[in-house]
Amino acid sequence: GENVEQHPSTLSVQEGDSAVIKCTYSDSASNYFPWYKQELGKRPQLIIDIRSNVGEKKDQRIAVTLNKTAKHFSLHITETQPEDSAVYFCAASYGGTSYGKLTFGQGTILTVHP
Amino acid sequence: EAGVVQSPRYKIIEKKQPVAFWCNPISGHNTLYWYLQNLGQGPELLIRYENEEAVDDSQLPKDRFSAERLKGVDSTLKIQPAELGDSAVYLCASSSLTSNRPHFGSGTRLTVV
Numbered sequence: 019g020e021n022v023e024q025h026p027s028t029l030s031v032q033e034g035d036s037a038v039i040k041c042t043y044s045d046s047a048s049n050y051f052p053w054y055k056q057e058l059g060k061r062p063q064l065i066i067d068i069r070s071n072v073g074e075k076k077d078q079r080i081a082v083t084l085n086k087t088a089k090h091f092s093l094h095i096t097e098t099q100p101e102d103s104a105v106y107f108c109a110a111s112y113g114g115t116s117y118g119k120l121t122f123g124q125g126t127i128l129t130v131h132p
Numbered sequence: 044e045a046g047v048v049q050s051p052r053y054k055i056i057e058k059k060q061p062v063a064f065w066c067n068p069i070s071g072h073n074t075l076y077w078y079l080q081n082l083g084q085g086p087e088l089l090i091r092y093e094n095e096e097a098v099d100d101s102q103l104p105k106d107r108f109s110a111e112r113l114k115g116v117d118s119t120l121k122i123q124p125a126e127l128g129d130s131a132v133y134l135c136a137s138s139s140l141t142s143n144r145p146h147f148g149s150g151t152r153l154t155v156v
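As given, the protein sequences belong to chains A and B, one line each in that order. Letter by letter, the first sequence follows residues 19 to 132 in our numbering. Letter by letter, the second sequence follows residues 44 to 156 in our numbering.
The shape of chain A in the complex, shown without the other chains (with noise of 0.2 Å):
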């Protein structure tokens, strides 16, 4: 089955700095790259998600990068704010009708100092 790698495992930044968040697969049949947001308590937010046939995708301070070859893809926020701290999973699946079938990474904890 699918195995996800995330790093780095916590993330500490400063307000306004960039923070990137890596991630390798395994199964190259994987077609679907999405990114979720939890904080403390609540529901995994979907952020962003980008599918196999683009290579990056953008959507005001985030953007996400895939390299299929690689097998390895990226969450990149810049300007962060001590709103974006939280816990951030990446996740692969492979899906016709559905991509629900997640495998999840196994999250970064990010801390934006003001």
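These are calculated hints, taken from the structure and not from any lab test. Heads up, a few of these hints could be off.
Said to hold, decoys possible - FRET-style restraints, in silico, Cβ to Cβ:
id : chain 1 : residue 1 : chain 2 : residue 2 : range
1  : B       : 141       : A       : 23        : 28 to 34 Å
2  : A       : 78        : B       : 61        : 42 to 48 Å
3  : B       : 117       : A       : 64        : 21 to 27 Å
4  : A       : 28        : B       : 99        : 28 to 34 Å
5  : A       : 74        : B       : 58        : 46 to 52 Å
Claimed, not checked - BS3-like, lysine-lysine: derived pairs with alpha carbons at most 30 Å apart:
id : chain 1 : residue 1 : chain 2 : residue 2
6  : A       : 40        : A       : 89
7  : B       : 105       : B       : 59
8  : A       : 60        : B       : 114
9  : A       : 75        : A       : 60
10 : A       : 40        : A       : 60
11 : A       : 89        : A       : 76
12 : B       : 121       : B       : 105
13 : A       : 60        : B       : 121
14 : A       : 75        : A       : 89
15 : A       : 40        : A       : 86
16 : B       : 59        : A       : 60
17 : A       : 76        : A       : 60
18 : A       : 60        : B       : 105
19 : B       : 114       : B       : 54
20 : B       : 58        : A       : 60
21 : B       : 121       : B       : 58
22 : B       : 54        : A       : 60
23 : A       : 76        : A       : 86
Positions of the beta carbon are idealized from the N, C-alpha and C atoms, including for glycine.
Guided by the hints, dock chain B onto chain A, whose structure is given.
For chain B alone, coordinates are given in the frame of chain A:
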């Protein structure tokens, strides 16, 4: 649109007792998932339904866990009997054929004492 609704939000039970969790997916979402999230880890899929059919339950510990989605809408996840190691957050998610993106509920935090 209303999100995925789960209840209860918290549950504390003694070991060996049964427990059940309920999930109401987003209206019109035909795919429903149950995930288990241990503290400090990413969610792990337990079971996935397409309408009322369980299409992937390979990760569900069938000796003590069961799930149902009788009418293809709401779903119930049951544990009987519960063990100390079952303490975790149980997340429900749903997705539609048009979007495919799974949307998560807030989860049920189970504590087995």
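Verification of the hints:
Between residue 141(B) and residue 23(A), the C-beta spacing of about 31 Å keeps the proposed range 28 to 34 Å intact. Restraint check, residue 78(A) to residue 61(B): a C-beta distance of roughly 46 Å satisfies the suggested window 42 to 48 Å. The supplied range of 21 to 27 Å is met by residue 117(B) and residue 64(A), whose beta-carbon atoms lie about 23 Å from each other. Restraint check, residue 28(A) to residue 99(B): a C-beta distance of roughly 32 Å satisfies the suggested window 28 to 34 Å.
Hint check: residue 74(A) to residue 58(B), Cβ distance near 49 Å, so the stated range 46 to 52 Å holds. Restraint check for residue 40(A) and residue 89(A): the C-alpha separation of about 11 Å stays at or below 30 Å, so the hint holds. Distance check on the hinted pair: residue 105(B) and residue 59(B) sit about 16 Å apart at the alpha-carbon level, within 30 Å; holds. For a cut-off of 30 Å, the pair hint linking residue 60(A) to residue 114(B) stands: about 28 Å separates their Cα positions.
Between the alpha carbons of residue 75(A) and residue 60(A) the distance comes to roughly 26 Å, so the proposed pair stays at or under 30 Å and holds. Restraint check: the Cα-Cα separation between residue 40(A) and residue 60(A) comes to about 23 Å, which is no more than 30 Å; the hinted pair holds. As the CA atoms of residue 89(A) and residue 76(A) are separated by approximately 19 Å, the hinted pair is consistent with the 30 Å bound. Distance hint between residue 121(B) and residue 105(B) is fulfilled; the C-alpha atoms sit about 10 Å from each other, no more than 30 Å.
Restraint check for residue 60(A) and residue 121(B): the C-alpha separation of about 22 Å stays at or below 30 Å, so the hint holds. For the hint pairing residue 75(A) with residue 89(A), the CA-to-CA distance comes to about 16 Å; that is within 30 Å, so the pair holds. Note on residue 40(A) and residue 86(A): the hinted pairing holds, with a Cα-Cα distance of about 14 Å set against a maximum of 30 Å. A distance of roughly 28 Å separates the Cα atoms of residue 59(B) and residue 60(A); the hinted pair therefore holds under the 30 Å criterion.
Simply put, residue 76(A) and residue 60(A) have alpha-carbon atoms about 25 Å apart, close enough for the 30 Å limit, and the pair holds. Using a Cα cut-off of 30 Å, the hinted pair residue 60(A) and residue 105(B) holds, with the two alpha carbons roughly 28 Å apart. Note on residue 114(B) and residue 54(B): the hinted pairing holds, with a Cα-Cα distance of about 25 Å set against a maximum of 30 Å. Distance hint between residue 58(B) and residue 60(A) is fulfilled; the C-alpha atoms sit about 26 Å from each other, no more than 30 Å.
Of the supplied pair hints, the one linking residue 121(B) and residue 58(B) holds, its CA atoms being roughly 14 Å apart against a limit of 30 Å. For the proposed pair residue 54(B) and residue 60(A), the alpha carbon gap of about 16 Å is at most 30 Å, so the pair holds. At roughly 18 Å between alpha-carbon atoms, residue 76(A) and residue 86(A) fall within 30 Å of each other, so this suggested pair holds.
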